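K.L.:
For what it's worth, our numbering labels the leading residue of the sequence shown as 5, then goes sequentially.
Bear in mind the hints are in silico, worked out from the structure with no lab data behind them. Being a predicted model, the structure only gives us computed values, none of them experimental. Certain hints may be false.
Computed beta-carbon distance windows for the label pairs [stated by the list, open to error]:
hint, residue 1, residue 2, range
1, N185, K75, 19 to 29 Å
2, W65, Q134, 14 to 24 Å
3, E54, D228, 24 to 34 Å
4, D67, K146, 22 to 32 Å
Built from N, CA and C at the ideal position, the CB exists for glycine as well.
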Amino acid sequence: MHHKKSRNWKPYLFIVIVSFFTALLIYTQTLAQTATFSAKGTPKAVFKGENGIALTFNIGWGDEKAVPILKTLQKNGVKSATFFLSGAWAEQHPDIVNRIEKAGYEIGSLGYAYVDYTDEEPAKVRHDMQKAQEVFKKLEIKDVKLLRSPTGHFDKTSLKIADQQGLTMVHWSVNTDDWKNPGTAKIIEKASTAENGDIVLLHASDAAKQTNKALPQIIRHLSDKGKFVTVSEMIANGKAETKVIP
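Can you make the complete structure from the sequences, with help from the hints?
P.N.:
Here is the structure:
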């Protein structure tokens, strides 16, 4: 009698096992939506999200434009933005780095030097990424997990090296070309094409002479389209679209 009762549990045990693996599959697929890797584990670069608009600022040199841009963001109520800082620049301007962090904005790496990762040997690319991370560590900037290639160029090798360093490569979906100083109207026009989920490329280096003047109107236009978020928040809050490298 006891043996018969044991056999009757088998269908239920089978259902439990199937349910478990179904739940595991759904969970895994959900994780895959927010990851920056393909099914084969090949690293990719995030260039677009699903929720929010990410204003991102590259800083590689100069000390005149960054602080005014910080003040403009704060004055216009933008609490979330991401600054990609060159390690060499951060080393020379710890006071500005500190202001960015204290203002509550996210800090990502722009590598150490202005080098094209697609032209360098893997060892040099790795060294550049590591050197920047060492600078941020010395400046007590914690959890720098995002990387933008110094020139915007990357390939499979640099993506793999970034992944090995625990860094996620971040590109952009809207390029304002503000560093070319095409006029504030043109910068505003390009930035205003951004929609919910876009990552907007701007600059806070001294070469970008018109960005700060254009910023209030950019903020006004985009605040109606989505909430301003950091890149990390965008990746965490929804599906991240990635660049596929041939």
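K.L.:
Against this structure, judge whether each hint is valid.
P.N.:
Going through the hints against the structure:
1. Taken as a hint, the range 19 to 29 Å holds for the pair N185 and K75, whose Cβ atoms sit roughly 20 Å apart.
2. The hinted range of 14 to 24 Å is satisfied by W65 and Q134, whose Cβ atoms lie roughly 21 Å apart.
3. A hinted range of 24 to 34 Å is violated for the C-beta pair E54 and D228, which are about 18 Å apart.
4. About 24 Å separates the C-beta atoms of D67 and K146, a value consistent with the hinted range of 22 to 32 Å.
Hint compliance for this structure: hint 3 alone is broken.
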